[in-house]
Amino acid sequence: MNAIASEASSHPPRVGLFVTCLIDVMRPTVGFAAVKLLEDAGCRVVVPAQTCCGQPAFNAGDRAAAKALARRTIEAFEACDAVVTPSGSCGGMLIRHYPELFAGEPEMAAKAERFAAKTHELVSFLTDVLGVERVTARFDGTVAYHDGCSGLRELGVKAQPRRLLASVEGLTLAELAEPETCCGFGGLFAAKYGELSNTIVSHKADDIRASAAGTVLAGDLGCLLNIAGKLQRAGSAVRARHVAEVLAGMADGPAIGEPNKERS
Amino acid sequence: MTVVPTSARFQENAHEALNDARLQGAMVFARNFAGRRALAAARLPEFDRLRDSASAIKDHTLAHLDLYLEAYERKVVESGGCVHYAEDAEAARRIVVDLCRSLGAKSVTKGKSMISEEIGLNAAIEAAGIEAVETDLGEYIIQLRHETPSHIIAPAIHLTKRDFEHDFRARHTNLPPERDLSKPEQLLAEARAVLREKFLAADVGITGANFLIAETGGSVIVTNEGNGDLTQTLPRAHIVIASIEKIVPTLEDAAQLLRVLARSATGQDASVYTTFSTGPRRPGDPDGPSAYHVVILDNGRSAMLGGEFQDMLRCIRCGACMNHCPVYQAVGGHAYGWVYPGPMGAVLTPSLIGVAEGGQLPNASTFCGRCEEVCPVRIPLPKMMRHWREREFERALSPAAARYGLGLWAFFAARPALYRVAAGLVARSLRLLGRRKGRFASLPFAGGWTRYRDLAAPEGSTFQSRWRAKSGAVK
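Chain order of the listed sequences is A and B.
Just so it is clear: in the first sequence, position 188 is 188 by full-length UniProt numbering, and no numbers are missing.
Just so it is clear: in the second sequence, position 82 is 82 by full-length UniProt numbering, and no numbers are missing.
Just chain B, same shape as in the assembly (with noise of 0.2 Å):
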C-alpha cells in the first residue's frame, strides 16, 4: 500500500520530466528559494556557527538515540500519552488504522507529514472506511488530484494556479460554477471554506512532528498556513506520526533547531506558525484531544545507525538540498520515483528501500556540491551519493557499459608510456577529423555528449609531448 518506487526508471522518469512543458513552466518558481534563503543566511550573522550547533545536537542525539527515545516516552506518559514504535510502514500503518477505529473515527484530518507518505497511510485509512483528508493546501490539492508530493516542503510545487482552478472546479462541485478563481486568494478562501467543515467535522487529527523533545515529551510541527493547529487542537484525539531520528534532547536544542530550518526552507526567520503539543487536553485546558499518541517508525533507519550514512539522519527536511539542486530543479520531485526527492532523498531512498530500486539516484548528480553547502545540519550529501555509488560498482550493479569504458580508461591512465601513446593518438587524429570547424558535431562514440552539444576537437599533439619537444627532456 505504500508508494510503489519507480526510482529504477530514473532516466525514463527524467526523460518525461524534461519534456513535460507544464511541469517546467511550475518549476521556474522552484529557482525562488535559493536567493531567500540567501537573504535569511545573511541577516543572521550566527548563522553559520548555528548549523554547527544544529549538527552537533543532531549528532549527540543519534549517538545516544535509544536513551532520549526512552526519555521522550516517560514524559510523553507522565503527560497521559501514550508511545507506539512501529518497525515499519506495515506496522506503523496498523497501529494508526487500530487507534482510529478504537475511537470509532469517521473522519480525520491530516496536517502535512513526509512520514505519512513514506507509510502510505492515507490509503490504510481510506480502506478501513475512515475518510482521510489533507488540510496543507498543497497536501490537499495533490490528494484531490491522487498525485504524491514532489518536495517534501512544498508538495505541489510542481503544479501552477491555473491547475488548482480547475482540480477545484473539478471536486468542488457543489458551488457555484461561475465562480471566480482567478486570484491566489480566492482559491486561498474557498480551500479554507472547504476545510472548515472538516476540520469542525474530524474524530482524529494526525500530524507528523519537526521535533520530538526528550525533556518534555512534546512534538513540534511548523506550518504556514495554521493547518496543523486545527488538526490537532479540535479532534477527540491527536496521533503523531514521525521516524525515530526525530528527537531532540531539550525544549532549548529544538529552539536552535527552528532557527535554521525556516531560513534554510523558505527563507523565513521563522515560519507563521511554530506549534508545541504535550500531551492529551489537561483538567482545565481551554482546548485540546482527550487522547495524545506518538507513533515512532524505524522503517530502516535504526539500520543506518553507525554505518557510513548515519550522517543522513542528521537532515530535518528543510527541502534547501533540493531547492539549490540543478538535477531537482531541471526534472521535479515525482522523476525521483519515491516519497523523498533531490539530494537528500537520493542518499535516503536506497537506504529505506535498497540500492536495486534506489541505486540510479545517487548517480543522477553533477556532484556539484551545492546541496552540502546549504545543509544547515551539514550533511556530506555529495560523497554518501559516492559511497552509494561505490556500493554499486562493489555489486556490479553499474552498467557494464560504464564499467567497461572506465575500465579501459583506468588501464591506459596507470600505465604512462601506453597512456602517453593513446593520448596522443586520439589527440592528432581528432584534431585532423575536426581541424576544419575546430569542432564536431556528432561523434560516433560520444553520441549522449553530440546529440545536444558540438565537442571541440583537440589542438592537435598533447601537452606533455609538446613539452617534452620543448624542454628537450624525456622524464
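For reference, chain A alone in the conformation it holds in the complex (with noise of 0.2 Å):
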C-alpha cells in the first residue's frame, strides 16, 4: 500500500485542495464534496491560495502565461504531502503538462516532477492512493457516467468512479453507448467553434437521452457544464452532476442549472 495510505492512520496525510477555477466559481458544492470524501478518507484537507492551473493558455499557444501559472501552482502547494483535483483536465494540466512546460530547464522541471508525483485525481486518489473501496451515500436513481477525456486518456480515470458509485445505495449505473467519446466542450474550442461544438454535445445528449439514465455524472465541471446546458436547451428532464456530489452524499441540492428552491 502507498505511504500516504499506510500512514493515514497515525499521521493524516495534509491534502491540498485545487480545487480548480471552474468549480471555485461556479460550484463549490463539489468542493466541500471532495473535502467531504478526502476527510471520511482521514486526509487532512488544506486549501492554499489558488487560481489557475493555467491550462487555457497552455491550449492556446501562450506557453509564457502557462508556465507562470504553474510556478504560482507549484509554490502554492509546496508544504502539501498531496494535491488533489475533482477534475480530470485540470489533474491532467497538472499531472502530465507542468513537466513537459518545464523540459529544458532542469531545476524548475524536477520541481514539476516531484508535484506530478504527488498530484492525483480526486475519485483515483481516493481509490488508487487511499484504498477506499466504498462510500457511505445513497442516492436513488439510475446513473450514466461520462468519461472525460483527459481523466480517462492523460490519468487513467475509468474503472475508479464506476467501482465507488457502485457502493452507493439506491444508485443503479447505466452505461452510455459511447462513454469515451468527446462531449465537444474543450475549453475556449466550445466558444470558439460553438457550431462544431454544438453538433458533437448534442450527439452526446442523444446518447445520455437514449440511455436509462435519469441524471449523468462525470468527473470534469467543464464536460458537465456543456452538457448540462445541452440538455436544458434540447428540453430534456435528464439532470447532471459531478460524481462527487453523489460519492459525498451531497447530491439533494439543485443539479447542475438548476435553481434554488429554498434560497431564490
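Quick caveat, the hints were computed from the structure, so don't treat them as lab data.
Errors might be hidden in some of the hints.
[As the list claims (entries may be wrong)] Here are the simulated BS3-like pairs of lysine-lysine, each with C-alpha atoms no more than 25 Å apart in a straight line: (1) A/K36 / A/K111; (2) B/K470 / A/K36; (3) A/K158 / B/K183; (4) A/K118 / A/K158; (5) A/K67 / A/K158; (6) B/K198 / B/K106; (7) B/K161 / B/K198; (8) A/K111 / B/K383; (9) B/K183 / B/K198; (10) B/K383 / A/K192; (11) B/K383 / A/K118; (12) A/K67 / A/K36; (13) B/K383 / A/K67.
[What the hints assert, rightly or not] Derived coverage of chain B by chain A (criterion: at least 3 residues anywhere in the stretch with Cβ under 8 Å from a Cβ of chain A; other residues may be distant): (14) 268-275; (15) 360-371; (16) 419-429.
[Claimed, not checked] FRET-style restraints, in silico, Cβ to Cβ: (17) A/R162 / B/A42: 14 to 22 Å; (18) B/T173 / A/A159: 56 to 64 Å; (19) A/A166 / B/G35: 23 to 31 Å; (20) B/G129 / A/A177: 52 to 60 Å; (21) B/D269 / A/A68: 31 to 39 Å; (22) A/G141 / B/G407: 21 to 29 Å; (23) B/D269 / A/R162: 49 to 57 Å.
What you are looking at is a predicted structure, and each value in this text was computed from that prediction instead of being measured.
Using N, Cα and C, we set each Cβ at its ideal position, and we do this for glycine too.
Join these two chains into a complex; the hints should help.
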C-alpha cells in the first residue's frame, strides 16, 4: 500500500485541494464534496490560495502565461503531502503537462516532476492511493457516467468512479453507448467553434437521453456545464452532477443549472 | 495545379458541412470504423507491443533516412528500375508527365495515392493530353464528380449509394438507362466493367506506395479491390509515386507495419490484397511492366526532420485518427480544405503549406486525445497541434479577441488577491442574475456558448471564500 495510506491512521496526510477555477466560481458544492470524501478517508484537507492551473493558456499556445501560473501553483502546494483535484482535465494539466512545460529548465522541471508525482485526480486518489473501496452514501436513481477525455486518456480514470458508484446505496449505473466519446467542450473550443461544439455535444446528449439514466455524472465540471446546458436547451429532464456530489452524499441540492428553490 | 487550399476558411467550411443534410447523412457511416478497429486490436494480444515496434521502426528509419533512401535506390537500379527525386510538387508532376510522354502514353490508370492528390497529378497528366483514370472505386467516383477525397483511405465516405447511382447514370451514358443500379453489387459490377477496359487500354499504371523497402528495392501497396494489381501489372510501364518517409529498412519491418496498418485502418487483420512490386518484368516472368520508375517526393518533409514535427513523419496513413475524431466525424474531410483531413491533416497541413494557410486546423480540436490513443505509430497529435498554436501565438497570428480575452484572464489568474475579488464578483453577480432559473438562455459576452446551450448560473460566492469563512483562517 502507498506510504500516504499506510501513515493515514497515525499521521493524517496533509492534502492540498486544488479546487479548479471552474468549481471555485460556478459550483463550490463540488469542492465541499471533495473535502468530505477526503476527510472521510482520513486526510487533513488544506486549501492554499489558488487561481487557475494555466490550461487555457497552455492550449491556446501562450506558453509563457501557462508557465507563470504553473510556477505559482507548484509553490502554493509546496507544503502539501499530496495535491488532489476534482477534475481530470486540470489533473492532466498538473500531472502530465507541468513537467512538459518546463522541459529544458532542469531545476523547474525537477520541481514540476515532484509536484506531478504527488498530485492526483480526486476519485483515483481515493481508490488507487488511499485504497478506498466504498463510500457511505445513498442516491436513488439511475445514473450514467461520462468519461471526461483528459481523466480517461491522460490519467487512466475509468474503473475507479464506477467502482465507488457501485457502493452507493440505491444507485443503478447505466452505461452510455459511447461513454468515451468527447462531449465537445474542449475549453475555449466550445466558444470559438460554437457550432461544431454544438454538433458534438448534441450527439452526446442524444446518447444520454437514449440511456435509462435520469442523471449524468462526470468528473469534470467543464464537460458537465456543456452537457447540462445542451440537455436543458433541448428540454430534457436528465440532470447533471459532478460524481463527487453523489459519492459524498451531497446530491440533494439543485443539479447543475437548476434553481435553488429554498434560497431564491 | 495542386489543390487550392481553403484551410484558412475552416470555420466557413465547417458551417457549410454542418448544415449539409446529405453530407451529415453520409457521415453516419464514418462512425463504424472505431468499433471495427477496437475488435481487431482486441483479437491480437500483441497489438500494443506491435505499435511500439512500429513506432521504433519509423523513428530509426527517420534518423537514418538518407542512408536508407540511398540503399533503396541502389536496389531499385539493380532490379532494372529507375529512381527520380522530386523536391516539390511541380518537380514531381514534371517527372511523371515527362515519363508518360516519353513512353508514348495515351492512357494512364491510377491506383489510389494521396501523394497524387497532394501534387495534383491528374490535372497535370490531362493537361498533357493524356487520359488519367482512377481505378479505386471511391477515387473513381470522386474523379467523375471532380471532387477530392474526403478521407485518406475511404475517399468517397462523404457520398452515399444514391450518389454513386446518380453519377454512374450521368456518366456511363452508353449503358441502357433502364438498368437496375439499386444494389451495391450492381454498382460494383458496372464500375468493374467500365474499368476493365481502361485497365486493358492503359499504357502506364501509376500507384502510390504504403512502404518502400530499402533491403529489396520493393514497394508495397494494400488494397481491397485488386485495382492496384491490375494498374501496376498490365500496362507497359509502372510508375510508383511516394514521399520520402515511406521508406522502411527491411522486408521484416514492412511486415510488422502491415500488421498494425489494416487493423488500425479498417479493422481488417490484413487488407484483401497486399502487393509487392520490385523492378520491371524479368526474363521469364509471365507478366509485369517493361519499365519501372519510382518518383520520391519531398515537398517540405525533409524540413520537418530534426524539428518538433518530426514524429508526424512516422504516419503510415491508416486514417485511424480521423476515424476516432469527433471534429472529423462532425464536418467530414472537405472542411479541412486541403489534401489531408482529421488530426493528421491538422498537424501536417501547416507543415506542408504554411501556418498562415493551415493554422486554423490545429485550433479546431477539443484535444480529446483519442487520435493519439489509437495511432498505430503513437504520434502525439494533440501535442503537435498545441505546438502549432504556440507558433501562431508567438507570431501573433491568433485572433485579437482570443488574445485579449486570454490576456485579461491570465492577468487576473496571475494575481491571486485580484482574482479572488474578480471571481467573487463574477460568481455573485451571475448568481443574482440567474438565480430564478438557475441558468441563462443567453448572455451578452457568452454568445458562442448560449446560442446553442444554456449556461448554468454560479451557486453564489466562491468555494475559496466559503472555505475561508468556514475555517475562519485566511491563508
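Taking the hints in turn, this is what the structure says about them:
Taking the CA atoms of A/K36 and A/K111, the gap is near 29 Å; set against the 25 Å cutoff, the hint is violated. Only pairs whose Cα atoms come within 25 Å are accepted, and B/K470 paired with A/K36 is accepted, the gap being roughly 14 Å. Pair hint A/K158 plus B/K183 does not hold up; C-alpha atoms about 43 Å apart against a cutoff of 25 Å. Proposed proximity of A/K118 and A/K158 is supported: the alpha carbons are some 20 Å apart, at most 25 Å.
At most 25 Å may separate the alpha-carbon atoms for a hinted pair to count; A/K67 and A/K158 exceed this at roughly 29 Å. The suggested pairing of B/K198 with B/K106 holds, with an alpha-carbon distance near 11 Å, which does not exceed 25 Å. Annotation: proposed proximity of B/K161 to B/K198 holds, straight-line Cα distance about 23 Å (limit 25 Å). Only pairs whose Cα atoms come within 25 Å are accepted, and A/K111 paired with B/K383 is accepted, the gap being roughly 22 Å.
With a C-alpha separation of about 23 Å, the suggested pairing of B/K183 with B/K198 holds against the 25 Å cut-off. Taking the CA atoms of B/K383 and A/K192, the gap is about 19 Å. The hint holds against a cut of 25 Å. Taken as a hint, the B/K383 and A/K118 pair is honoured in the structure, with Cα atoms around 23 Å apart against an allowance of 25 Å. Proximity of A/K67 to A/K36 is assessed by CA-CA distance (about 31 Å); at most 25 Å being required, the pair is judged violated.
A hinted pair counts as satisfied when its Cα atoms are at most 25 Å apart, and B/K383 with A/K67 qualifies at roughly 16 Å. Counting residues of the stretch 268-275 of chain B whose CB lies closer than 8 Å to any CB of chain A gives 0, so the stated coverage by that chain is violated, three being the minimum. Using a Cβ-Cβ cut-off of 8 Å, 8 residues of the stretch 360-371 of chain B lie near chain A, which meets the minimum of three, so the contact claim holds. Judged by the Cβ-Cβ criterion of 8 Å, the stretch 419-429 of chain B is covered by chain A as claimed, because 5 of its residues qualify and three suffice.
Our hint of 14 to 22 Å for A/R162 and B/A42 holds, since their Cβ atoms are close to 20 Å apart. For B/T173 and A/A159, the Cβ-Cβ distance of about 60 Å falls inside the hinted range of 56 to 64 Å, so the restraint holds. A hinted range of 23 to 31 Å for the beta carbons of A/A166 and B/G35 is consistent with their spacing of about 26 Å. The hint said 52 to 60 Å for the Cβ distance between B/G129 and A/A177, and at roughly 54 Å that hint holds.
For B/D269 and A/A68, the hinted distance range of 31 to 39 Å is not satisfied, since their beta carbons lie about 50 Å from each other. The supplied range of 21 to 29 Å is broken by A/G141 and B/G407, whose beta-carbon atoms lie about 44 Å from each other. Between B/D269 and A/R162 the CB atoms are about 32 Å apart, so this pair departs from the stated range of 49 to 57 Å.
Consistency note: the structure conflicts with the earlier hints numbered 1, 3, 5, 12, 14, 21, 22 and 23.
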